[in-house]
Amino acid sequence: MSDIKKFLYVNRRAPYGTVYALESLEVVLIGAAFDQDVSLVFMDDGVFQLKKDQNSEASGMKNFSPTFNALGDYDVNKIYVEKESLEARGMTMDDLMALTYEDEDDDWAEKSSMHLVSADEVRDLMEESEVVLSF
Amino acid sequence: MLHIVNKSPFEKDSFTSCMAHAAESSTVLLIEDGVYAALKGSSVEDQLSRAKVVALQSDVAARGIEGNLVDGIDLIDYPDFVDLVANGDGVQSWV
Amino acid sequence: MPSMDVNGSEVEVDEEGYLADINDWNREIATALAETEEVELTDSHWEVIDFLREYYDEYQIAPAVRVLTKAIGKKLGKDKGNSKYLYELFPYGPAKQACKIGGLPKPTGCI
Numbered sequence: 012m013s014d015i016k017k018f019l020y021v022n023r024r025a026p027y028g029t030v031y032a033l034e035s036l037e038v039v040l041i042g043a044a045f046d047q048d049v050s051l052v053f054m055d056d057g058v059f060q061l062k063k064d065q066n067s068e069a070s071g072m073k074n075f076s077p078t079f080n081a082l083g084d085y086d087v088n089k090i091y092v093e094k095e096s097l098e099a100r101g102m103t104m105d106d107l108m109a110l111t112y113e114d115e116d117d118d119w120a121e122k123s124s125m126h127l128v129s130a131d132e133v134r135d136l137m138e139e140s141e142v143v144l145s146f
Numbered sequence: 016m017l018h019i020v021n022k023s024p025f026e027k028d029s030f031t032s033c034m035a036h037a038a039e040s041s042t043v044l045l046i047e048d049g050v051y052a053a054l055k056g057s058s059v060e061d062q063l064s065r066a067k068v069v070a071l072q073s074d075v076a077a078r079g080i081e082g083n084l085v086d087g088i089d090l091i092d093y094p095d096f097v098d099l100v101a102n103g104d105g106v107q108s109w110v
Numbered sequence: 082m083p084s085m086d087v088n089g090s091e092v093e094v095d096e097e098g099y100l101a102d103i104n105d106w107n108r109e110i111a112t113a114l115a116e117t118e119e120v121e122l123t124d125s126h127w128e129v130i131d132f133l134r135e136y137y138d139e140y141q142i143a144p145a146v147r148v149l150t151k152a153i154g155k156k157l158g159k160d161k162g163n164s165k166y167l168y169e170l171f172p173y174g175p176a177k178q179a180c181k182i183g184g185l186p187k188p189t190g191c192i
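Residue numbers (the numbering used here), protein chains in the order written: chain A, 12 to 146; chain B, 16 to 110; chain C, 82 to 192.
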């Protein structure tokens, strides 16, 4: 296929206060049917979407964080997390879910999808992308 | 006075403004995305000492940050929330 | 909300016939849902339905057909991990029909 485009989903919102995070995830899953080159960046409050140990039972909301673990099955395996955003929130990569994918070209070896990047690198990702979808 | 903050301190300035205006004797209750203000090591951590800060346990648990909070933040449940509102002398919501 | 009769008790479904509450599901209801889809359930059908329910339990979504096919192939063998096999079991779309019978919501991105 010749018309593969570079898609970048920019996630900047916390998971439960608004519906942006859930909507973004659904768009990513739907979009994954169209064989594009997809990257996700989590910055600002968006880094909270990937926080480990979410348990929304008592609050009566649906915990959709387990769905991020399915992204690898959908060939969405480039997950970028902005370092400056984590630091401002007192967090590190260890606070986030360790998302992985199985590499078809390497005998299905399990590999990490998570990449810690600087704000400068996020800027480059945005510049390199042909379609940027912001949530 | 009971102050209630429900917005992330990294996205809106309601927490910062609340802490700048809350009397030392007041209680600040963090709910919904407001609970992120209680994160240990964050850029707003210093402001927490200006008043007594408590957070709604179910909103903390939903966001998975129970282990990331500053020491000394009391976690309260819904009945406690009702008591705080009913027994206090006034409520201000920083929407 | 519409409902469906399963051996004398009422079960709530949505306007497309998907189970309203995933927790209502049991094998009897699955059999009744399968009848509305004109599917006769065999062990091979149950294998896929059980797989989908496990997938939903872990990830909180019903997988897209492409993902389902790949995952079934990995778990149940290559001869089953292809759309021909799955369409033979569920002629009107494996994800859609198997999800419905399994009591799951309509798959995200199911067009």
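Among the hints, erroneous ones may be present.
Claimed, not checked - Computed list of lysine-lysine pairs in DSS-like fashion (alpha-carbon distance at most 25 Å, straight line):
#: 1; chain 1: A; residue 1: 73; chain 2: C; residue 2: 155
#: 2; chain 1: B; residue 1: 27; chain 2: A; residue 2: 63
#: 3; chain 1: A; residue 1: 122; chain 2: C; residue 2: 155
#: 4; chain 1: A; residue 1: 122; chain 2: C; residue 2: 177
Unchecked claim - Okay, the calculated bits of chain A under chain B, using three or more residues with CB under 8 Å as the criterion:
#: 5; region: 24-38
#: 6; region: 70-77
#: 7; region: 98-105
#: 8; region: 122-135
Think of the hints as simulated: they come from the structure by calculation, not from any bench.
Quick caveat: nothing in here was measured; it's all calculated off a predicted structure.
Glycine residues also receive a C-beta, built at the ideal position from the N, C-alpha and C atoms.
Unmet hints by their number, sorted upward, for this structure
1, 4, 8
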